[in-house]
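Position chain F against the provided structure of chain L, taking the given hints into account.
Protein chains: 2
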Amino acid sequence: MEGVMDKFVSIHLNRTSDIPLYIQIYNGMVQLIESGVITCGQQLPPIRRMASFFDVNTVTIVNAYKKLQADGYAKSKIGSGTYVSFIGKKTHLGEFDVPIENMISSDSAAESVYVKKDGFIKFDFAGASISPKYFPVKDFKEVINEVLDRDGGYALEYQESSGYQPLRESIRDFMKAQHNLDIPLEEIQIVSGAQQGIDIVAKAFLNYKDVVYVEAPTYPGAVNAFKSRNARIVEINMQEDGVDLDDLKKNIMSNPPRLFYTMPVFQNPTGYSYSIEKKKELIALSKEYDFYIIEDDHISDLYYDEKPSALKALDDSDKVFYIKSFSKLFLPGLRIAFLWVPRRHFDKIALAKYSSDISTSGLSQRILDLFLRKSLWAEHVSHLQKIFYKKWQETVKSLEKYMPSDVSYFYPKGGHFFWINLPQGIYSTNLYYEALKNGVSIMPGELFFIEQRPSEGFRLSIAQISEWDIEEGIALLAESIQSLIDNPHKVFQGPNDRPLL
Amino acid sequence: MEGVMDKFVSIHLNRTSDIPLYIQIYNGMVQLIESGVITCGQQLPPIRRMASFFDVNTVTIVNAYKKLQADGYAKSKIGSGTYVSFIGKKTHLGEFDVPIENMISSDSAAESVYVKKDGFIKFDFAGASISPKYFPVKDFKEVINEVLDRDGGYALEYQESSGYQPLRESIRDFMKAQHNLDIPLEEIQIVSGAQQGIDIVAKAFLNYKDVVYVEAPTYPGAVNAFKSRNARIVEINMQEDGVDLDDLKKNIMSNPPRLFYTMPVFQNPTGYSYSIEKKKELIALSKEYDFYIIEDDHISDLYYDEKPSALKALDDSDKVFYIKSFSKLFLPGLRIAFLWVPRRHFDKIALAKYSSDISTSGLSQRILDLFLRKSLWAEHVSHLQKIFYKKWQETVKSLEKYMPSDVSYFYPKGGHFFWINLPQGIYSTNLYYEALKNGVSIMPGELFFIEQRPSEGFRLSIAQISEWDIEEGIALLAESIQSLIDNPHKVFQGPNDRPLL
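Chains as they are written, first to last, in our numbering: chain L, 1 to 501; chain F, 1 to 501.
Everything labelled a hint here was simulated from the structure, so no lab data went into it.
Glycine included, C-beta positions come from ideal geometry on N, C-alpha and C.
Take these hints with a grain of salt, some might be off.
[Stated by the list, open to error] Stretch-level coverage of chain F by chain L, calculated; a stretch enters the list once three of its residues show a Cβ under 8 angstroms from a Cβ in chain L:
no., region
1, 199-212
2, 292-301
3, 353-366
4, 457-463
Extracted from the complex, chain L is given alone in its bound form:
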């Protein structure tokens, strides 16, 4: 609960005011709830704890909580406490820019910190970032102290814009040893997370009204970076073995792209991976029609079958910008990824990086460097592979056991996303609300399409949930699906028929 209380330090009580203390606390909490700092489904701290935190009588807190309930901000659950029941700014589903906020919230620590097992959201299949319980905090502390003892104040200085040289070297060595990729040192640009990598390539290469192709569905953060460059965005259908080549070629004829954004391995949100044939074809097309490719390798380390290979490995004409995130599996708070930049484009990218934030935190870079050098990264990944493979097996088993027969799904060969398709006409945004009633959260498919069009598909993520909660969560989810199928009046008809919040 330590972290929970952090949220409330913004509430300052004025003990000389005429406004009753319980109203002051109520007002502060309403602000936190409406702004989405505290999100729907979060359990509020126990009465006693809040009373001691604010140094007030327990009755004051009871009254504040009662008023929250009376005004529709919270619900009480017998025997287990009070929960936020108001969907604030961050969990509102609406026009395109807003669900991005939604993603932030779900992809961030915020939810996972507060959602307790006995809380409103008991089964979190929405969160995309791995639960902090898997982070090797002890190793991390040792490494950070070692860095500070070794480098002193220099660990806290500005870093070269292209990155801390020893980290670039340890990344080169790591990529050779773990992924059999030979990356020349001078082609490695350190960036502050994969999102910045995408943003920087967009900055360096997109001109006004340039066309960018993305997979459909795709990661909305990337779409946002392209939109911020005033790009025109075109969706190309995604299939289980990679992008739909017919759709791609048809579009190229009429509207050739400057850039193609892809996640060829365990795609977000589908978990699909490209076949070797499709990779080759994509590279061939990039040469023939002269466009660049951003390859976003968000989680290829987390494989359960054979080790996946990068699209970039096939790139023989400097078309691919490869981005590897170190945040997805490990320590997202460090904000580190790297860009493998074709040499001839390096200066352009370096300038775009410099104008974006000068350099990535030198301290974070030194920490990751030492992690790689001590082989702690490889150790950690192999540990996670075991944990996630078990979760994957549990998910597969539960899907087979509980899902209605006309629901279809795909088993990814790695990562933590499953893409599930409901029967035709049953939209997943409706399922989102229906499942929430059972304490189950998922990511509705519309978030992953640029026009937010209603989708039968949804993303089921096993990043946050424990192995032993999967079966129960999927059983409940299947119940919600069945209930939607059985009650056609609940069926979401389209964008004009969205349930109001």
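Relative to chain L, chain F alone:
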């Protein structure tokens, strides 16, 4: 010397190769020098140390160093060692994009780490970031361990995009207590350093071909962010009491701006500050002609006279985006600043931040938060004020004592930059090379103008130099200036007459 050796880990010896080891080491070092990883003026490590590092005979290192000297990459100084004498990529002065690299190198730790007091550059008046020797590493270590003990894995999770809530609160409280500014919590956006703040405002508000005004001279990093948005940039002359209003108004008539970028307090590079009248006039103009202002508060905490006040304090119509850096005085490696965003623009800025890098390192944010809460920041700033005021006095005294009479300069009321003007027709780029011969480095003025036009002005920074080195450094600099005045054939005539490197 610990950090120095880091540079050489990229040199991998192949002991079974036909290429002699000393040539392999030589080749590796040439690459490091040419790419600017090791920069001109840096002392190379002692022979014995290199020999033990590479596990080779000392003769091997002697031969490698000799070859470096023979080929013009290094110079030996009797009694004090071997120094790099080749100006690599990062210290090359050329077209606009390149000097930015130069700034990176000078503003970064890279130089300061390696330039020893007995080295080639003995008097560093170029570096803009405060020497790491002033960083409170012990306090930092305590704070970081406290954060990790308190928050565990959650300290390493994704953060809310707008920033870690407790940090936003401690910034609000700090700005109230230290700067008497009332900043509503919901108008604070945490960013990864001031450069990102500038870039994000540009991203949110600049459209294709929009006009941006900058002060002349100005900070080139900002210019770069605007260029990356395809903005048209117009320079407005800077005067000792702020921007030249006549020049500003004249330009507004013909070519009104969308955005005006200013550093109203202790400007970089001049040290000039706006008078209250000019601040009021600028605000009035922003209302009348409907343009936005970015106020870059890079170092207002470091004042020697009265406490400066922010332009933003006068903003009564939501025109000013105020950016405060926490990197300039303290821990640049943390990469933290904040943006004070007029409420009505907050969502736009939040989205631009999200699409840039999702969120700023949660660990860095938690560290800065605890620093502010423990009042360590205020303590540190007051300590720095004392140190820098002494350096400032020493600089003023030395300028009076040594500068030729036709050199003019300005005494800033804070910060660490002095702007010095050479006699007409004596360009500071020439002085840069002349002074380097005396082991003195400065920042030539042309770097701070958008067209890189030759300038008689230059920036003298006391960020890196020790109090006791200032007098000698300025005496030597004055000698170089006198030598340029006395030898007109050395005088730089313009862009077509640049000295070749």
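Each hint, compared with the structure:
Requiring three or more residues with a Cβ within less than 8 angstroms of a Cβ of chain L, the coverage given for the region 199-212 of chain F holds, as 4 such residues are present. Against chain L, the region 292-301 of chain F contributes 0 residues with a C-beta closer than 8 angstroms to a partner C-beta. That does not satisfy the three-residue criterion, and the hint is violated. Given a C-beta distance limit of less than 8 angstroms, the hint that chain L covers the region 353-366 of chain F holds, as 11 residues qualify and 3 suffice. Coverage of a stretch by a chain is defined here by at least three residues with a beta carbon nearer than 8 angstroms to that chain's beta carbons; for the region 457-463 of chain F and chain L the count is 0, and the condition is violated.
Hints 2 and 4 from the list above are not met by this structure, while the remaining hints are.
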